[in-house]
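Here are the chains, one letter per residue:
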Amino acid sequence: MRLSIQVTDLCVHYGDHCALHHFDLQAAPGEFIGVVGPNGGGKTTLLRALLGLLPSAHGGLRIDGRVAYVSQDAVHMDPQVPVSVLEFTSLGRLDRRFWRRRSTQDRARIQEALEETGVWGLRRRRLSSLSGGQRQRVHLANALCQDARVLLLDEPTTGVDPKSRDDLYQLLRHLSRDHGMTVVMVSHDTESLATVADRIVVVDKTKRFDGPGEAYRAWAAASVTVASDNPFGAHDGPGAAA
Amino acid sequence: MSFDLFLTEPYFQRVLMTALLVAATAATVGVFLVQRGMALFGDGVAHMSFAGIAIGFVAGWMPLGSAVLVAGLGALAVQALQRRGWARSDAALGIVYTSSLALGVVLVSRRGAVPVDVESYLFGNLLLAGEREFLLAAAVCLLVAGVVAVLWRPFLLLCFGEERARVQGLPAAALNTLFTLLTALTVVASVRVVGVLLVSGLLIVPASAAGRLARSMGQAVLLSIAFAVLAVVVGLAVSAEFSLASGATIALVATGVFLGTGIIPRRT
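Chains as they are written, first to last, in the working numbering: chain A, 1 to 242; chain B, 243 to 510.
In case anyone wonders, no lab produced these hints; they're calculated from the structure. Incorrect hints may have been included.
[To be verified] A short, non-exhaustive set of chain A residues, derived as facing chain B with CB atoms under 7 Å:
| id | residue |
| --- | --- |
| 1 | L3 |
| 2 | L94 |
| 3 | R96 |
| 4 | W99 |
| 5 | V196 |
Every residue, glycine too, gets a C-beta built ideally from N, C-alpha and C.
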């Protein structure tokens, strides 16, 4: 089977600081992967490497198809830009041929993405007037418009109420199962991720754990037990090599 | 002097047309500057253009021509300092515009080197705008309108960060350089109307007022142009009636418009 993401022996350094070390990751089409780990552990660095934004990254890195990205500050960063929901979503259709006019096919895709994410009724509203959850859906509609095979999300549930967060998880689940989109989501919301994602990957400079949600829970519980005996070895517990 | 002159006399009609062209151009570029968090960039570029004006006078070149060159090079220097990690964007802007302004002042301070009224470039004097300024304003207005029409969506995408544009496969650095050069041209074309020190009056203030009210970027640009045109017409009328400095009066009227938008509820 052709993999959507294939990362082999990835190393990223910022000067003398090692952000990621000998990191491996494979993802199949339609897989939903939750990436968790401590602050500064390299989660965002991993996403930036997958996006091709880190020229200093070494190792094998191959992505099948286009990548869309919903950033950590997507909900908070752009409230002042006077852009309508429709205008923002349509930006997802921009690509290397950025000078071309929007086609009928583009317009149909934009409408489809807005309907799929449940924000078609808000298309004339200013993006900044929406709630955090609604805005997050618009960012997903923008990502859908890009016809991406891989969707990367960095802490998308920060500042979003619990109902909107659950709706977002359902939508991501739908995109991965029904559209075959590979979803890689970085989050601190480990409990919800362990339930909804196919696999959890723990990143702390390198890969500490990779397995299904249930196995992750057992690994995390064992790690806490070990950590209470040896506070310096929290991530060296059972399952580290899983 | 009466404002009627601007409507009846050919010379003054051309002056008014120059001011309106500059207002529309600055208001358009200003919307993107404000939304990209680069509001003071235009102000900095205006300061840089002063060095170009001084070089033009000392070397006997057309001052606005050398101003375009120096402002463009200065704007690119700010980008280069930032990209190479020598300084943050605001610090890079401060370094380049201070040194450019200093160079301009040093050149102007040479005894007898500059036989013209420097103050008119610093604070604007629309009545000195001749055919050359009109042609420059018209050319820059056409160029900006054409480029913005073709690159509307890429420029809008840049408002959400260069990285987003890069991820989608757009040449973000090249688009940014093009936008920077458009800003430099717009600023130099505005210098005769509002002056080096008051360029923000047309570039930033109408765009900020429009940004508060608009529901889309298209609306923001149209509103920004309307506010800038209003500031120019009212500013010229008031300055003509009470014999006030035209550039400063236009900038003050623009600020009044901005404050006036505070009483209008924000649209959703």
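Structure-based check of all given hints:
no.: 1; hint: L3; result: violated (20 Å)
no.: 2; hint: L94; result: holds (6 Å)
no.: 3; hint: R96; result: holds (4 Å)
no.: 4; hint: W99; result: holds (6 Å)
no.: 5; hint: V196; result: violated (25 Å)
Of the numbered hints given earlier, the model fails hints 1, 5; all others are met.
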